[in-house]
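There are 2 protein chains.
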Amino acid sequence: MPIDTAELHRFLIELLGASGVIDDPAEFARYTTDWAGDKGGDPLMIARPGTPEQVADIVAFCHRHQIPMVAQGGHSGLVGGAQPDPERGELMISLERLNRIRHLDPINFSMSVDSGCILQNVKDAAEEADCYFPLALGAQGSCQIGGNVSTNAGGLNVLRYGMMRQLVLGLEVVLPDGRLWNGMHALHKDNRGYDLKQLFIGAEGTLGIVTGAVLKLAPRPQTSRTALIAVPDVASALALYAQARRSCCDLLSAFELIPRVCMELAFEAAPDLPDPLDEAHPVYVLMEVSASGPADLDTMIEHLFETGSEQGHVLDGVLASSETQAAQLWQIRESMLEGQQMRGEHLRTDISLPISSLTAFCDAANHAMAQRSPETQVIAYGHIGDGNLHFNLLPPANLELEAKKALLHELEEVLFDLVDAHHGSISAEHGIGRIKQAPFLEDLGETEYTLLKGLKHLFDPEGLMAAGRILPR
Amino acid sequence: MPIDTAELHRFLIELLGASGVIDDPAEFARYTTDWAGDKGGDPLMIARPGTPEQVADIVAFCHRHQIPMVAQGGHSGLVGGAQPDPERGELMISLERLNRIRHLDPINFSMSVDSGCILQNVKDAAEEADCYFPLALGAQGSCQIGGNVSTNAGGLNVLRYGMMRQLVLGLEVVLPDGRLWNGMHALHKDNRGYDLKQLFIGAEGTLGIVTGAVLKLAPRPQTSRTALIAVPDVASALALYAQARRSCCDLLSAFELIPRVCMELAFEAAPDLPDPLDEAHPVYVLMEVSASGPADLDTMIEHLFETGSEQGHVLDGVLASSETQAAQLWQIRESMLEGQQMRGEHLRTDISLPISSLTAFCDAANHAMAQRSPETQVIAYGHIGDGNLHFNLLPPANLELEAKKALLHELEEVLFDLVDAHHGSISAEHGIGRIKQAPFLEDLGETEYTLLKGLKHLFDPEGLMAAGRILPR
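One line per chain: the protein sequences are G and X, in this order.
Count along the first sequence from 1, add 1203, and you get the number used in the numbering used here.
Count along the second sequence from 1, add 1203, and you get the number used in the numbering used here.
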């Protein structure tokens, strides 16, 4: 059945008004180009509903007329999940106007919001009520809650507060046939039947469009301490992590691995940034501890320094003595990303491993990269407490762009094979989308494949919603 | 197709040996009578496999021969989920021999176990490695990990560590057709496709039989403090809870609501137990704070006492000065359950509400009970931090047993309607099983019903596995 785009346009204009529909391809770029600059295909047109009911009406229309559709949040997923399929026309449903904070309940430590709310706005609203919404990631000024739910977002504070999955109490979802499912429960415990919301979390919009969420809040931290610790190697960083969990009483909110090469990249991007320690060291750990009440965080960190030193895991370290100094330490983390970006074409990965396998994995991966391409530079940093590494690669500067891409593609395959051999995941945070589908399918067992296919078919038998993401069409 | 029990018996004997099969009805009682003394039907026979592969072989056989089956763990679910269906013969698959601790990884804070491991044994093994498996519940000496997974168990420490769902990193499951799905990942972050394990957690064995799990561990607490605080009413207890989350920096591991009537029940069961405060007060809070490192817990609790007193929420209180005194305070919590049991026939419920609705709900429910049956005694205690109440009822002592049962059934319906009106759940912890199916279905929307049915059909189209639990056959 050919798609009658004129009828779709009439329907959308009637439902949403002129400002709710974008059909001029000149205006598509903002919606088709993602955070990293990757461009997807053009959509049929873009609908901008303002209520969950409007989303349901649009989806029901598409279902009736067999029109493929894809929802889009803040567009920072980076795996092509929310970009229009370049191979077939899709209606893009942008959730940017679905941005009300519905209700904040400080006693229940919960907050219900529209899915198009920007993460930073949700965090700000929580703070105003002396609460805290812990999800923290680079894109928080633009990414949306619905996208955070659909990709099961992670970020900096996962080791303390969990992934997005742990922060969702309830969901409201428009199913692929247009039914609006209300699962906006604000309950911390609920064991009635299968927990349907779990299916939509991390499903990348393939099973339904999230229109609302009840989020779990925490008390707002009142004090925090940031420390940078130099360690001899990755193995010591891991041992120090296990000790930090104990010494800091699970008040650890970040524990980042930063090799010296990343520090150098940070100085390239921000030449005024001071080197925080007198000497250069091979590996650093950047950690933060925070508390909502009268906790003596200095004592905890001192305990960690002492114990870690006794065990031989600490070479040097600095505990930020002011907020300015803490901000400077965190700026290393941000600037090193900029420094990486400044080097041009490179491979970004987002892998995870059992924490105890990180040393063996890094050794094997460094060795494999050095063998295949000695001039490629490994930039491996990440959230140690989650076993989550960004094992990135900077190709030799003297190669042509196409040669760089070919080399990186080849090295990625080697890397992913090693991830698999070490029982890791090729996607710790960003999901599969379209970009990671090939390596994902390669390692998927048949049992799992049939179950995933069965789930997709149960919710979306016609394959109209975000088809071709995660699983092939 | 009539079930050929002789052939089933031959198959099981050959696979498991004589000690792996129980077919003498005289030996069934231990498996058919649950923790609370409720008796289910008799099974066809009982299989006791010792490996995941044996479970898979048994399930494949049953699938081939269309034999209904039900898995059983420690038998403390209390909703009839793991008891044989009295209306049709089922093969019971007991997991009690599947009890190996497979691997403990102290750096990854994880542990992989067979599903038949008893919770207490898992906790003990974690402690030996200076780690902590936080799930804590009354039945921990007998309940099994597979049951904890399948019922998404809760218990005392949920407000700090989450439900069982938050403590599972990976699962191994035998699907209803006998395929063995290996999802034993030990990853703290993994966003590859739909998170299948979530479907089996809380599914009460209706979608597959859990044979193994990778559990998430925490650092072992080194110090803890227990306090009993008298408060004027439930509203104050809630306000104090919100303050305690802040003052105690999320190191709060328990926060229990105990009305005076429960204290009296505790003294009935344990007459030697001292009344911890000089005067009787209407409502108490029993709380525990714990830490794995050098945290000054006394300062935190003092901060809570002071702030709570200023706000008018604290009448009196005692901070246990020794482990003996702490144990005595916790004995109140245990003895009150015994006291309740000693009163004979009574209604136990396991409901949850948004924490902020607990006051309004308790007021409405107390009022409704007083109107319908002034002589029925309300015993409402629970885990405030989870919004989880055991709103239990002791009927008038002078009624006959049948009249008591009829009255309690009537009052339960009134109570469940109020739970619904206050956006709560009639099953916070124990699940639906067979016993809570009628009220569960009554409030289930059509959209949700079709999705749940669809999921069950996807995994178990012939309805052979734990059929009739959660959803009707």
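Watch out, some of these pointers could steer you wrong.
The list treats identical chains as interchangeable, and a pair is accepted whether it falls inside one copy or across any two copies.
As the list claims (entries may be wrong) - Computed list of lysine-lysine pairs in DSBU-like fashion (alpha-carbon distance at most 35 Å, straight line):
#1 K1242 to K1608
#2 K1326 to K1242
#3 K1419 to K1608
#4 K1608 to K1326
If you are wondering where the hints come from, they were derived from the structure by calculation, not from laboratory data.
Hint by hint, here is what the structure shows:
| no. | hint | in the structure |
| --- | --- | --- |
| 1 | K1242 to K1608 | within (16 Å within a copy, 67 Å between copies) |
| 2 | K1326 to K1242 | within (29 Å within a copy, 51 Å between copies) |
| 3 | K1419 to K1608 | neither (42 Å within a copy, 39 Å between copies) |
| 4 | K1608 to K1326 | neither (38 Å within a copy, 50 Å between copies) |
In the structure shown, a violation is registered for the earlier hints numbered 3, 4, in ascending order.
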